[in-house]
Structure formats: C-alpha cells, structure tokens
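Participant: Based on the provided sequences and hints, a complete structural model is requested.
Protein chains: 2
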Amino acid sequence: MNFKETYDQKRTDVEHALEKLMLRPDGRLADHIKAMRYSLFAGGKRVRPVLCIAASQTIDPAIEPVMTVACAFECIHTYSLIHDDLPAMDNDDLRRGKPTNHKVFGEAEAILAGDGLLTYAFELLSDPHVSSRIFPENQLRLIRIIAQAAGSLGMVGGQAIDMDSEGKEISFDTLQYIHSRKTGALITASVQAGAICANASKDQFAALTCYGEKIGLAFQIVDDLLNVEGTTEQLGKSAGSDAELEKATYPAYFGVETSRSKAHEAISAAKDILDIFGGNAVFLRELADYILTRKK
Amino acid sequence: MNFKETYDQKRTDVEHALEKLMLRPDGRLADHIKAMRYSLFAGGKRVRPVLCIAASQTIDPAIEPVMTVACAFECIHTYSLIHDDLPAMDNDDLRRGKPTNHKVFGEAEAILAGDGLLTYAFELLSDPHVSSRIFPENQLRLIRIIAQAAGSLGMVGGQAIDMDSEGKEISFDTLQYIHSRKTGALITASVQAGAICANASKDQFAALTCYGEKIGLAFQIVDDLLNVEGTTEQLGKSAGSDAELEKATYPAYFGVETSRSKAHEAISAAKDILDIFGGNAVFLRELADYILTRKK
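Going down the list, the sequences are from chains Y and S.
Throughout, the working numbering is defined as the position within the first sequence, counted from one, plus 1179.
Throughout, the working numbering is defined as the position within the second sequence, counted from one, plus 1179.
Please note: incorrect hints may appear among the correct ones.
As the list claims (entries may be wrong) - Simulated crosslink set (DSSO-like; lysine-lysine; CA at most 30 Å straight-line):
id	chain 1	residue 1	chain 2	residue 2
1	S	LYS1474	S	LYS1441
2	S	LYS1213	Y	LYS1426
3	Y	LYS1199	Y	LYS1224
4	S	LYS1475	S	LYS1347
5	S	LYS1426	Y	LYS1282
6	Y	LYS1199	Y	LYS1183
7	S	LYS1183	Y	LYS1426
8	S	LYS1199	S	LYS1441
9	S	LYS1347	Y	LYS1213
10	S	LYS1213	Y	LYS1347
11	S	LYS1282	Y	LYS1282
12	Y	LYS1347	Y	LYS1282
13	S	LYS1347	Y	LYS1282
14	Y	LYS1213	S	LYS1426
15	S	LYS1224	S	LYS1183
As the list claims (entries may be wrong) - These stretches of chain Y come out as covered by chain S in the derived footprint (C-beta under 8 Å, 3 or more residues):
id	region
16	1308 to 1318
17	1332 to 1339
To be clear, the hints were calculated from the coordinates, so they are not data collected in a lab.
All values derive from a computational prediction rather than experimental measurement.
A virtual CB, placed ideally from N, CA and C, is assigned to each residue, including glycine.
Facilitator: Dropping the structure here:
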C-alpha cells in the first residue's frame, strides 16, 4: 500500500472504533449525543489518532493498536474545536464546510457537547479493558500526559493566550508559546501515548516526543499558511479569519516565504529524528511530509 | 470537637491543599489562572472534598486523607458552576454573593477557566504520587468512576436534560433523572472515591455508594427548596431563579411540604445505611443532617 492507502486504512479503523465508542445507551440524551456526534463525525482527518496508532507501530510493526486511546484524542480535539468556534471565542460559522456546532444546536448545547466529549476522553482512557498489554502504571502515566497537554499549561492555556493576543503586537516568544501549546501539545501527546501503548524504551519515547514537537510546529505553521492562502471552499472554514481577528500567526510575523521554509525545516528535523527506528518509521516519515503538503 | 468544628477543620484542610495545588508556574497565564482561582476560592462549602475525606475516615479513622483526590472534586464542581452560569445556559449574574465568572472575566475566559479546571482534575487524579496506599488499578477505577459521574451519562447529561426541560411539563421520571445526574452523580462519586482511597471492601463500597445517592437526592431537594424560600442575600445567588426559568424542581412538582418530607426520608435512609460502620460513621451521619438543615 502507498502512503495514502495506509493512511486511509488507519483513518477508517478510527472511524469504526469511534462509531462503536459513541454507541451510548441513553435515549433521553438523544439531542446531546447528536450534538457530540455532529462534530465528531464531521469529516475530520483523524491526524491525532492516526499518529497515536502509527507511533505504536513504529516501535512494533506487528502491534495491535489501542484504538480506545487513539479515539480519546479525537474526542479532546473535537471538544476544543467546538469551544473555540463559540461566539465568545473565535465566533466561527463554518468548520469543515459545515455550520459550526453552536450554529446547529445552539450555544448551550455546544458548550455541553464539548464538556461531554472532554470528559468522555478520560472515561475512555481509564477503561480497565483498554489493552492487556498496558500496565496500570503506564495507563496512569498516559492519562497524566494527556491531561497536561490538554489543560491550562497546554492546549487550554494556548487558547487563552491566543485570545488575549488578538489585535496586539506580540513577541516571537509569545507566538511560539501559543503554537506549541494550542496545537503542538496534543499532537505531541498523541505520539507519546502511542509510544507508551507499545511499551517504548526511554530512547524511543524521547525520539518520538521530539518528532511530535517538530511536526506539531509544522502543522500549525501550515494551518496559518492555509488560512492566508486557501479559499473558504478548500478549507471548509472561513479563510482569512486569522487576519480579520488580528491573530498571532507565523505569516503575520515572518511573511509567507520564511514561514514556509520554517515548516520545511521542522519536518526535515522530524524525519531525521526517526533514524533510530530504521525501516519501521516509513509511515511516520511520510506522515511528516503529508503534514507539510496538505491542502486543508 | 463538635460537628461544625470538625467540618470546618476538614474544610480548612481542603482550602490549604487547593491553594498548594493551584500554584502554577506560568506567568503568562496570570489572567487565566486568576479566572480559575476566582471561582475556586469564592467561598464554596467544599461538600464534595469533605465527603471524600470523611468516607475514607469512616472506613479507617486513622487514615491520612488523599487530598489531591478530594480537591479534584472541587475543580470539577467549580467548572460546572462556571459553565452553568454562562449567558447561554442559566445566565446567572450572582454566585455565592459575588458576580459570576463571566461577569468579571468575560465569556471566553469563563469557558476556558471551566475547561482548564475540568482538565486539571484529571491531571490531579492521575498523579503517580497521589498516595502510596492506592494501587494503580484502583486509581484508574477512581478516574473512571469520576469521569462517568461528571460526563454525558452523569452531570453533563443532567444539565443537558435540565436545559431541554425548561418551560416544559415534565414527568417525575425526568425530574429524578435530572436530579440524580446533575447533582447526585458527583456527590455519590466523591463518597465512592473516598471509599476507594481507603481500600474499601465490597460491602463498605456498596453501603457508601447508597449513602451518597441518598444524600445527593436530599442535597438537590434542599437546593430546590432554598431557591423557593431563601432570599438572594441568604443564598448568594438569585433566589426564585428556578421558577423564573420554569426549571424542573421538587417543589414545583410536589409542593414545599411533600418535598421537605422526601428530603427527610432520604436523609433518614442514608443514616440507616451507615449502621455497618458503627461509631466510625458519626461524622457522616451528622453531615447528612447538615445537608438537610443547611441555609445556603
């Protein structure tokens, strides 16, 4: 299989696992669950779950991936999109080519859908049957890494500083701070979680962490570039919205060309780090390239 | 020490532990952390952490309570208040006699303060140094119980159905559904968590679970009664707001007298269940009475 086929296979596996995990028994909650499902199944690329699975398979190509852990990342990522799109936050009407959650279900339901997805992630992560391979100590470690990446010193904090910085002149330090936390932290954690699910050695864990940080940075720079260069139709969300909100972005700070070369550098460094895995890292290398060249 | 002194001692211990846990190192996040602290230290009664500690001590009076776990409940409870008060939800301006979080910090910051507190709870709960006494398996079990109680099939779901039910005729079933999830689930979980922290036997765990369910019900009925009978000054939040929003409440369904006797019944049943703990349950019995007679 070529890269695209392998990616699509993993993505399909994630879709099926998510479908199964979202079968919740309570009829009264139909509307609430519908709101969660609406954003969860809105055509996401499933980058974080795929990264989690791929990181495990880079350590051990024959491993059965821990889909419950992989899917927890999609729940956290989706909650963050729902809350970020709210009128009080980025006030976005479109996401992946569809009306945002609050546009369809109202603000109250959107806030609760986000809260429900975030909390569900931790229910999934603490499932005692998640995998017979993971020791409880490691499962706890995994939960802690994810909570830290998603929380105030990670993603939530990145969004808080991003909101504070709208319309302000910010330093490069602050730009890096926002990017590494708002997007980078959860991407890195997804790779780290995959490493832990495969009982990674210290060296393997360190290498994959560094890989995650580099591709996380590139991912956000590319996001910034697409927001400048893409059309609303291509992106499925409002193009040019960053400039409109005077958001802190790489292109706003460095211009388009320098931003692009910084993304290239990060991806090149990410691939170099994978050398210790030899041929087992083919997919992660290609995934790094995909992050650089993606069109949405 | 009498009940009030014992309660206040435990509450003070919780305040100190929370203060220590909220010392976060990041200067950039000053505003975000200020928003979290504002609601976390707004004079809450700390019922859930005290219940968690007291449940442990009912099993083993000499036990060192696991403050990190107890404090996680206050983080989750506080997040739920911040989000419930938002304009899109209950639109409350006052909470514990002070302006609500979004009134002081704005809606975006309030949403993020809630998200940060919820996520922080799971960071605390997965702390590997939480207690040498808790086996990792039990710590995972504890996380799962709390995530389930706080999530879509628990507190978040209760709030979702409560929002849906505003202004509608609802059945007693639905009223029970809302109460047991919106308030009852997290109160029960706090007692269960305390039981797990003390390595409870199956029987002890079952008895404390049942106790938690009964006092959780009484707690919510009393809340409903206070909303009808209390003044805004007494409550520190808007009195009569339930009726204004046509909320599903016990007094709206049964009238004040029947509601009061139902709360009495629940508390009496809760105390009976504690018989298996003999003299070790004195504090939990008195706490049940306090829940019935509290004025705010």
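Participant: Evaluate each hint against the coordinates.
Facilitator: So, going through the hints one by one against the coordinates:
{"no.": "1", "hint": "S/LYS1474 x S/LYS1441", "in the structure": "holds, 17 Å"}
{"no.": "2", "hint": "S/LYS1213 x Y/LYS1426", "in the structure": "holds, 23 Å"}
{"no.": "3", "hint": "Y/LYS1199 x Y/LYS1224", "in the structure": "holds, 18 Å"}
{"no.": "4", "hint": "S/LYS1475 x S/LYS1347", "in the structure": "holds, 27 Å"}
{"no.": "5", "hint": "S/LYS1426 x Y/LYS1282", "in the structure": "holds, 24 Å"}
{"no.": "6", "hint": "Y/LYS1199 x Y/LYS1183", "in the structure": "holds, 24 Å"}
{"no.": "7", "hint": "S/LYS1183 x Y/LYS1426", "in the structure": "violated, 52 Å"}
{"no.": "8", "hint": "S/LYS1199 x S/LYS1441", "in the structure": "violated, 40 Å"}
{"no.": "9", "hint": "S/LYS1347 x Y/LYS1213", "in the structure": "holds, 21 Å"}
{"no.": "10", "hint": "S/LYS1213 x Y/LYS1347", "in the structure": "holds, 21 Å"}
{"no.": "11", "hint": "S/LYS1282 x Y/LYS1282", "in the structure": "holds, 24 Å"}
{"no.": "12", "hint": "Y/LYS1347 x Y/LYS1282", "in the structure": "holds, 28 Å"}
{"no.": "13", "hint": "S/LYS1347 x Y/LYS1282", "in the structure": "holds, 23 Å"}
{"no.": "14", "hint": "Y/LYS1213 x S/LYS1426", "in the structure": "holds, 23 Å"}
{"no.": "15", "hint": "S/LYS1224 x S/LYS1183", "in the structure": "holds, 12 Å"}
{"no.": "16", "hint": "1308 to 1318", "in the structure": "holds (count 4)"}
{"no.": "17", "hint": "1332 to 1339", "in the structure": "holds (count 5)"}
Figure legend: structure checked against the earlier numbered hints; hints not met, in rising order: 7, 8.
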